[in-house]
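Position 22, counted from 1, in the sequence shown is what UniProt numbering calls 22; the numbers after and before it change by one each time, with no gaps.
Mixed in with the good hints, there may be bad ones.
Straight line, CA to CA, 35 Å or less: simulated DSBU-like cross-link-like pairs of lysine-lysine [stated by the list, open to error]:
1. Lys198 - Lys226
2. Lys216 - Lys198
3. Lys87 - Lys255
4. Lys205 - Lys168
5. Lys166 - Lys80
6. Lys187 - Lys230
7. Lys176 - Lys198
8. Lys205 - Lys120
9. Lys166 - Lys198
10. Lys274 - Lys255
11. Lys87 - Lys120
12. Lys255 - Lys187
13. Lys120 - Lys34
14. Lys208 - Lys137
15. Lys187 - Lys208
16. Lys176 - Lys216
17. Lys222 - Lys166
18. Lys23 - Lys87
19. Lys23 - Lys166
Everything labelled a hint here was simulated from the structure, so no lab data went into it.
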Amino acid sequence: MSTFMFKANTNNITPVSNTFIEKYMPNARGEYVKVYLLGLKYCVCGEPGINSSMMASILHLIETDVINAWNYWNDENVVKLLPLDNKGNFNIQFLDLSDNFEEKDENVNLLSELNKDSIKGMLQDIEKLLGRTLSPKEMTVYIGWQNDFNFSPELILLLIQYCVSKGKTDYRYIEKLAISWHDSNIKSVEDAQIYIKKHEDKWVKIRKILNYLGIKDPEIMKPQEKILDKWITTYNFPTDVILRACDICFERINKSDFKYIDAILTNWFKSGIKTISDIEVKDSRKGSFKQPKPGNAPKGNFNNYEQRDYDFDDLEKKLLGWDNND
Numbered sequence: 001m002s003t004f005m006f007k008a009n010t011n012n013i014t015p016v017s018n019t020f021i022e023k024y025m026p027n028a029r030g031e032y033v034k035v036y037l038l039g040l041k042y043c044v045c046g047e048p049g050i051n052s053s054m055m056a057s058i059l060h061l062i063e064t065d066v067i068n069a070w071n072y073w074n075d076e077n078v079v080k081l082l083p084l085d086n087k088g089n090f091n092i093q094f095l096d097l098s099d100n101f102e103e104k105d106e107n108v109n110l111l112s113e114l115n116k117d118s119i120k121g122m123l124q125d126i127e128k129l130l131g132r133t134l135s136p137k138e139m140t141v142y143i144g145w146q147n148d149f150n151f152s153p154e155l156i157l158l159l160i161q162y163c164v165s166k167g168k169t170d171y172r173y174i175e176k177l178a179i180s181w182h183d184s185n186i187k188s189v190e191d192a193q194i195y196i197k198k199h200e201d202k203w204v205k206i207r208k209i210l211n212y213l214g215i216k217d218p219e220i221m222k223p224q225e226k227i228l229d230k231w232i233t234t235y236n237f238p239t240d241v242i243l244r245a246c247d248i249c250f251e252r253i254n255k256s257d258f259k260y261i262d263a264i265l266t267n268w269f270k271s272g273i274k275t276i277s278d279i280e281v282k283d284s285r286k287g288s289f290k291q292p293k294p295g296n297a298p299k300g301n302f303n304n305y306e307q308r309d310y311d312f313d314d315l316e317k318k319l320l321g322w323d324n325n326d
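Whenever a hint applies, use it, and build me the whole structure from the sequences.
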């Protein structure tokens with residue numbers, strides 16, 4: 001949960017810049033506009049701050065929408081986010097939009113790019129995929145991938161289509177994935193298809209494991225994701241082997257514990273165990289050391305002496321002195 005602190009003077013009205021209404025509002029998502037206006041109202045009225053959870057409740061949004069909204073307006077140079085700490089808390093400074101014309105030169109370049117049929121067609125297809133009008137900044141970002149990343153229009157459309165299929169339509173998420181593809185040396189549609197299949201195959205396994213452990217996708221943390229990736233990619237364990245380790249964890253400590261499961265799988269990996277059959281063979285070897293039957297016990301620390309037969313009735317008589325009364 002994030003807390004946002006506002007810097008402003010107290011006032012009884014909330015003035016909204018015409019520049020915001022004419023230039024920024026038409027291209028923004030409705031929930032982002034709602035967050036901006038409520039934040040502006042609190043700022044002008046002298047409210048010291050409000051957390052993202054409260055804003056989400058007031059506006060009937062989810063908390064991530066509130067956080068994404070402030071990031072969006074920061075990227076659009078409408079507000080300035082100033083970190084207060086490393087816990088997601090910020091000061092928000094509302095910028096003077098009447099002087100905010102930093103994108104003039106960029107828009108001139110954008111207009112010239114829009115004269116190209118291939119660019120115009122690509123952007124229209126992107127708008128259809130996303131189901132909304134693109135902002136000038138988004139258009140510039142997508143066009144820039146052709147020069148910066150050497151992405152073809154077909155590759156860009158495939159990337160965005162993939163994001164949409166995952167329910168991710170925020171351009172910052174899309175941009176992060178584009179950077180990831182570039183860093184992974186993806187240069188063609190074929191490269192992307194191989195990457196997507198490999199990535200999706202991994203996440204199918206991850207979701208199955210998480211579901212088995214009773215954990216939902218959004219609840220997984222980055223360290224846990226790295227451990228899961230190690231089991232699947234580095235150790236190359238089949239899903240059934242990982243689930244067997246989960247079973248053992250439950251049997252021994254009655255709860256799911258990533259470190260405990262990781263210790264089991266790491267031990268199996270070092271022992272060369274790769275399949276359920278290998279696990280069964282190992283368990284059967286352990287089972288060969290059965291509890292000895294009475295009278296047939298092997299000599300050990302406790303049994304390492306010569307076995308004798310005793311007449312306990314006779315011993316009792318001797319102990320009590322009755323043997324002298326015969």
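Do the hints match the structure? See the list:
no. : hint            : verdict
1   : Lys198 - Lys226 : holds, 16 Å
2   : Lys216 - Lys198 : holds, 21 Å
3   : Lys87 - Lys255  : holds, 29 Å
4   : Lys205 - Lys168 : holds, 21 Å
5   : Lys166 - Lys80  : holds, 30 Å
6   : Lys187 - Lys230 : holds, 26 Å
7   : Lys176 - Lys198 : holds, 18 Å
8   : Lys205 - Lys120 : violated, 39 Å
9   : Lys166 - Lys198 : holds, 15 Å
10  : Lys274 - Lys255 : holds, 24 Å
11  : Lys87 - Lys120  : violated, 41 Å
12  : Lys255 - Lys187 : violated, 44 Å
13  : Lys120 - Lys34  : holds, 30 Å
14  : Lys208 - Lys137 : violated, 38 Å
15  : Lys187 - Lys208 : holds, 31 Å
16  : Lys176 - Lys216 : holds, 23 Å
17  : Lys222 - Lys166 : holds, 19 Å
18  : Lys23 - Lys87   : holds, 32 Å
19  : Lys23 - Lys166  : holds, 30 Å
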